[in-house]
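Enquirer: Based on the hints, put chain B in the right spot on chain A.
In order, the protein sequence lines correspond to chains A and B. If you read the first sequence in the numbering used here, its first letter stands for residue 1, the second for the next number, and so on. If you read the second sequence in the numbering used here, its first letter stands for residue 1001, the second for the next number, and so on.
Treat the hints as calculated values from the structure; they're not laboratory data. Don't take each hint at face value.
Stated by the list, open to error - Now the stretches of chain A that chain B is said to cover, found in silico as 3 or more residues with beta-carbon under 8 Å:
| no. | region |
| --- | --- |
| 1 | 166-180 |
| 2 | 198-204 |
| 3 | 430-442 |
| 4 | 708-721 |
Said to hold, decoys possible - Here are a few chain A residues that sit away from chain B, every Cβ distance over 10 Å (derived from the structure):
| no. | residue |
| --- | --- |
| 5 | N24 |
| 6 | Y46 |
| 7 | E186 |
| 8 | K369 |
| 9 | E380 |
| 10 | Q514 |
| 11 | V744 |
All C-beta atoms in this analysis are idealised placements derived from N, C-alpha and C, irrespective of residue type, glycine included.
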Amino acid sequence: MSQKSCYHCGDDVIGKGINIDDKNFCCNGCKSVYQLLSSNNLGGFYNLESQAGTRPKKGNNHQFSFLDVEDIRKKFIDFEDDTSSHTTLFLPQIHCSSCIYLLENIHRIEPRIKSCQVNFVKREAKMIFDKEMPLSELATILSKIGYTPNFGNKKEQKKQQSKTYLYKLGVAGFAFGSIMLWTFPEYFGIEKTNPEIRQFSAYLAFIVSIPVLLYSANEYLISAFKAIKYRSINLDVPISIGIIALYAESVYQIFWFGSTGYIDSFAGFVFFLLIGKWFQSKTYQSLSFERDYTSYFPVAVTKLDGSKEIIVEIDKVKIGDKIIIRNQEVLPCDAVLTSKEIKIDYSFVTGESIPVTKKKGEFIYAGGKLLGKKSEFVVEKESSRSHLTQLWNEVNKNEMTQDSKEDKLSTYFLVAILVIAVIAGVYWFFFDQGRTVEIVVSILIVACPCALALSKPFTYGNIMRVLGRRGLYLKNNLVIESINDTTDIVFDKTGTLTTNSTNQVRFIGDELSQNQTNQIILLANSSTHPLSISIVKNLKNSTSTTNFELVNFREIEGKGIEGNINGDIIKIGSSHFVGQTNLNKNETSSHVSINRKHIGRFVFQSEFRPGIVDLLNKLSLKYRLHILSGDKDKDKNFIEKEIPAISNLHFKQSPKDKLSYISSLQEDGCNVLMIGDGLNDAGALEVANTGIAISEDIFRFSPKSDAILKATKLYELNKLFATSNYSKTVLNICYLFSIIYNLVGLSFAVTGNLTPLIAAILMPLSSISIVLLSTLLTIKK
Amino acid sequence: MGIIYLMLIVSFVIAIIFLLGFFWATKNGQFDDDYAPSVRILFEDEENEISNTKTKSNGNRKV
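So that you can see chain A by itself, here it is in the shape it has in the complex (with noise of 0.2 Å):
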């Protein structure tokens, strides 16, 4: 059996497949995007990297049309001029460098696109376009070749922080390199007999640092006096007061005596504190941890005025207003179906699969994508206010002081040097008079605990990429510090500890022939409908791949689909679509006819992931787990059988059920960490103090977290925590060589030996033994 695989996506092709050009595709989507590329020269495409493309989505003419609104238009346009229209559009299919290639060379498939250039990192692609052109042409054909472009989350405002590092590092090291290389002869004792070269040097110095203290440090200096005028101390307290200290000194030293003093420490001191902040502040760009429902629904929405149909924004739609949704959009409001029967896809909202059936006049809630014909509906609430919506205007995250630990250690840390400095300023006003100062100012110098605060980020940023590498991304590396807090684990159900895209999958009926089994797998893989996924999904392993051929095909919206298959006519649908009474409501099931004969039905059951009892068990060791579930409780005695440690199972929780749940937990005094998937779970998802939103495609829609984990990775949990809590021992071993670093210095200082000289050596010796240790050490794991 020599499995084919798809020249375009790689996916199995399963039957005879589309064969062309001695290549095999798995449906039509594909096959169009080869022909395409190919008539336009863009074979190359394969050649950079095999079975690169994405399957393209089957999507309506119409997906796109919000976009030649011109108020919606005008969102979207970057940059216009007389000719041309600058736009830049969010492609999360964007995952290789074939895909740049495409993208990149999209001119030659529409001459009317100018240019294209894909940012690989964000996922965006800056585009050049005629301005005749519609916008929503560009997102048709983009489409077309399988990179759907995503409007929703426009806007976004992505804080450009990490550039202001780089200026302030590049003014940083500038500074430290000159001062460096002006100072090198004090450091031989050679310019003694030269004090005019000596002290010309020295005021070039002191003009360079000028900008490192304003500019490069400032956010330093900043957040420390914020912090003592709220009478708080952070680690910025000590690490200003040392900066402050070197500057007065390397002052003083720079008029009075001509010489450079500790001005190249300082410059270095500043330069690699930026560093660590550098460090911190590289987070997955393309990732995005703050979406809100906005970003979920459609940008507009058909409404009927009349009988004419108008495209407007979602904000203008009123209460009472008639709107039409067509197959596969989201349902922007609550409304009532004024149309007859369709479906509504749940499964952003609930993490369920399986499609609902609506009657007209049923009462429906915002966020399901329809699923069926065209259908009218009445506007009951306005988006914003919205069954779902309401959930984000309720929950307003308390937010704590984050670095509470930290400030801790930085108050022990305060008091200990202020302690050392008054002693050995006592003994030295006893001992030598004239030398208390100086040795004062040296102890706050050396004192600064930069190799302490390197620590962190380095450590937490070396363990937040090793976690990214194995598949949960964290929003900033503050995130790690709750995963370690954490004592209780809730998870949600649906979509969760179970999959949302196969479900178990029974037969009930004759026994299928091998025959019969390959024409039904042939025909449902036809549709991207999630049930006939799932058919296939099943039935597969049990087959070897046959040469039928599929002729016919068609697919009823919210029925079924049929196609003749070596003269049989195959039926899969609703009960109704086979001819069929429907006799057990309660469960979810494709009813199979071959030649109008009926043969049996396909029941749907939803799954646990693999592996989850193991994870869930093992978890349980070290944490208290608590279930949540939207469902009836009919996995109750499985899940009580299985995991006997999880005492807290709930069943039937709504959304704001389960927030409040959370909340109650952590007025127990627990520190909640929250998993969840759909947009219900997105309010306990905020309130937790940690939570983690499950995703399929992490480039896909997941409601607003702290981290995103991928489906697949879930099982790994128990180990993705165990490298997080590795962190505290990583940070342990730094805090321990950086103390020891501080008290070398100490010990020079308050015997009156620190030297610029020594002090240049042990300032940039301890930073970068700190970051080799953090690094060495989270690099195995």
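Expert: The following block gives chain B in isolation, referenced to the frame of chain A:
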């Protein structure tokens, strides 16, 4: 010894030129994307090969 003063100033000026260069590069987005350019450089050759056989494409690669 006057040459030392000159050397100090020259070194200072050169360093400033490099600093400005760094600012320029940062502002221009040289550090924004560290993957795409490494791939992009490989495309150009191929494009030329194709343009030998086909009419030259109107690729406009300006930012």
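Enquirer: Hints first: check each against the structure and report whether it holds.
Expert: Status of the hints after comparison with the structure:
1. Using a Cβ-Cβ cut-off of 8 Å, 7 residues of the region 166-180 of chain A lie near chain B, which meets the minimum of three, so the contact claim holds.
2. Given as covered by chain B, the region 198-204 of chain A passes the check, having 3 residues with a CB less than 8 Å from a CB of that chain where 3 are the minimum.
3. Counting residues of the region 430-442 of chain A whose C-beta sits closer than 8 Å to any C-beta of chain B gives 0, which falls short of three, so the coverage hint is violated.
4. Taking a C-beta to C-beta cut-off of 8 Å, the region 708-721 of chain A contributes 0 residues in contact with chain B, too few for the three needed, and the coverage statement is violated.
5. The beta carbon of A/N24 sits about 25 Å from the closest Cβ of chain B, which is more than 10 Å, so the claim that it is off the interface holds.
6. At the 10 Å boundary, the C-beta of A/Y46 stays outside the reach of chain B, the nearest C-beta of that chain being 13 Å off.
7. For A/E186, the non-interface assignment is confirmed: its Cβ lies about 13 Å from the closest Cβ of chain B, beyond the 10 Å cut-off.
8. Remark: the non-interface label on A/K369 is consistent with the geometry, its nearest Cβ contact in chain B lying 33 Å away (cut-off 10 Å).
9. The claim that A/E380 is not at the interface with chain B holds, since no C-beta of that chain comes within 10 Å of its own (minimum 45 Å).
10. Distance to chain B confirms A/Q514 as a non-interface residue, since its nearest Cβ pair spans about 46 Å, more than 10 Å.
11. With a closest Cβ-Cβ approach of about 32 Å to chain B, A/V744 is found to remain outside the 10 Å limit, as its non-interface label requires.
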